[in-house]
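Peer 1: Each chain, written out:
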Amino acid sequence: MSALPRADELGLIGCHVCGLVCRDGHVHDQACPRCGARLHRRKSASASRTWAWLITAFIFYLPANLLPIMRTVSLGDVDDNTILSGVVELWVKGSPDLAVIVFTASIVVPMLKFLVLGTLLVSVQRRSLWAQRQRTMLYRLVEFIGYWSMLDVFVVALLTALVRFNVLSQVEPLPGVVYFGLTVVATMFASMSFDPRLIWDNRDNDD
Amino acid sequence: MGANTPPTTAGLLICEHCDTVYRRRPLSRGEVACCERCHNILERHARLGPDQLLALTFTAMVVFVQANIWPIVTLELNGRPSSATLWGTIVTMWQQHAEVVAVLAALTLFFFPMAKMLLFGWVFWFARRGERGPGFRSAMIVLHYLGPWTMSEVFVLGAMVAIVKARVYFQVVPDPGIFAYGALMLLITVFGTVDLRQLWDVTRERSR
Numbered sequence: 001m002s003a004l005p006r007a008d009e010l011g012l013i014g015c016h017v018c019g020l021v022c023r024d025g026h027v028h029d030q031a032c033p034r035c036g037a038r039l040h041r042r043k044s045a046s047a048s049r050t051w052a053w054l055i056t057a058f059i060f061y062l063p064a065n066l067l068p069i070m071r072t073v074s075l076g077d078v079d080d081n082t083i084l085s086g087v088v089e090l091w092v093k094g095s096p097d098l099a100v101i102v103f104t105a106s107i108v109v110p111m112l113k114f115l116v117l118g119t120l121l122v123s124v125q126r127r128s129l130w131a132q133r134q135r136t137m138l139y140r141l142v143e144f145i146g147y148w149s150m151l152d153v154f155v156v157a158l159l160t161a162l163v164r165f166n167v168l169s170q171v172e173p174l175p176g177v178v179y180f181g182l183t184v185v186a187t188m189f190a191s192m193s194f195d196p197r198l199i200w201d202n203r204d205n206d207d
Numbered sequence: 001m002g003a004n005t006p007p008t009t010a011g012l013l014i015c016e017h018c019d020t021v022y023r024r025r026p027l028s029r030g031e032v033a034c035c036e037r038c039h040n041i042l043e044r045h046a047r048l049g050p051d052q053l054l055a056l057t058f059t060a061m062v063v064f065v066q067a068n069i070w071p072i073v074t075l076e077l078n079g080r081p082s083s084a085t086l087w088g089t090i091v092t093m094w095q096q097h098a099e100v101v102a103v104l105a106a107l108t109l110f111f112f113p114m115a116k117m118l119l120f121g122w123v124f125w126f127a128r129r130g131e132r133g134p135g136f137r138s139a140m141i142v143l144h145y146l147g148p149w150t151m152s153e154v155f156v157l158g159a160m161v162a163i164v165k166a167r168v169y170f171q172v173v174p175d176p177g178i179f180a181y182g183a184l185m186l187l188i189t190v191f192g193t194v195d196l197r198q199l200w201d202v203t204r205e206r207s208r
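Quick note, the sequences are listed as chains Z and X, same order.
Anchor point for the first sequence: position 49 equals 49 in the numbering used here, and the numbering is continuous, going up by one each time.
Anchor point for the second sequence: position 73 equals 73 in the numbering used here, and the numbering is continuous, going up by one each time.
Please keep in mind that the hints were generated in silico from the structure rather than gathered at the bench.
Mixed in with the good hints there might be a few duds.
[As the list claims (entries may be wrong)] 20 Å max Cα-Cα, derived EDC-like pairs, lysine to aspartate or glutamate:
1) Z:Lys93 with X:Glu76
2) Z:Lys43 with Z:Asp24
3) Z:Lys93 with Z:Asp79
4) Z:Lys43 with Z:Glu9
5) Z:Lys93 with Z:Asp77
6) Z:Lys43 with X:Glu16
Based on the sequences and whatever the hints tell you, model everything.
Peer 2: As structure tokens, then:
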């Protein structure tokens, strides 16, 4: 592979809002001449901000899974569901394919985000040159799938609004769903504050 | 390679994911420019012009209104129907002390998508004549940050899951709202391929 020039080495900055290529003036608060957004060589304090959001997300993730997210009341019969028991119920009584989708969205995706972002952060901080392209692709995957985790939150909201037959049948949201919503938001902020260009910094040669 | 700076920055393109600099070249129909180093998509050929995008935005607005005022599904228990609209859902969550969820749903399913469509309409309206309307810069910056915070398509999947779950205990009748949401999902997929940044190239500041 021929040596591909990097913006940083050429003294250039790309505007993250409009994409204009600007000269790096080496001044604080340089603004893009075309759209006026502030230019950053790299996202500021990317690693520490990503760690902070990731840890926040993980703290919310525990009650999100341990506490029930939804209560079903039917003729005095009370049934509390956690995320996992909801998936099991969907598998048994509803349709297995949707159970797989919900399981992916609410269990696999958040776990994957913790693992991937954690790995990326550690490898960036250790200045690793390992699998740079694959790591960048993992980052894109995490960015792309992130917001689908909101699925279960919307399911609980819709069922609560729909199932309102007083004593006969009723659905109520429980605190788990609030923590789950917060987890999703925090993981989204985490992947936004991570700067994938850090994967490619700290290297001596090109390949 | 080296420290020699290129004479001009016009016609250059930087990969956002690995900071590699490329010379821009015009793309023909269906072409996609890909980063050689990290395989990120740098630029796509713009299939749709401002005229088509404006038409699509108007369509999306009409569908969005329908998706919001029509009920999404109706359940029946012993002949008693119960239906829910998006706003009914948001209000119920608030009343049930899940205020965080109510606010999240209101933002990602109503306010952000609405803001996105209105801003799209605004910038495409002027872009048809190759102009940047008043507030173009701010509109483009807001659109950039709104990016991943609209979740209508997740809501469609959520509605499907809710229907399947409810079908175990109730008779479920899908209402027009769910079809409007389905159409909205298709439109969002089309909008997802639009590279807004290209609007900066096809528009000029208005001459007064």
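Peer 1: Look at each hint and say if it fits the structure.
Peer 2: Outcome of the hint check:
Under the criterion of a C-alpha separation no larger than 20 Å, the hint pairing Lys93 of chain Z with Glu76 of chain X is consistent with the structure, at around 19 Å. Between Lys43 of chain Z and Asp24 of chain Z, the direct Cα distance comes to roughly 15 Å. Compliance with the 20 Å bound is thereby established for this hinted pair. For the suggested pair Lys93 of chain Z and Asp79 of chain Z, the alpha carbons sit about 15 Å apart, so the restraint of at most 20 Å is met. Between Lys43 of chain Z and Glu9 of chain Z, the direct Cα distance comes to roughly 17 Å. Compliance with the 20 Å bound is thereby established for this hinted pair.
Among the hinted pairs, Lys93 of chain Z with Asp77 of chain Z is consistent with the structure: their alpha-carbon atoms are about 18 Å apart, no more than 20 Å. Of the pairs offered as hints, the one joining Lys43 of chain Z and Glu16 of chain X holds, with about 11 Å between alpha carbons and a cut-off of 20 Å not exceeded.
The structure agrees with every numbered hint stated previously.
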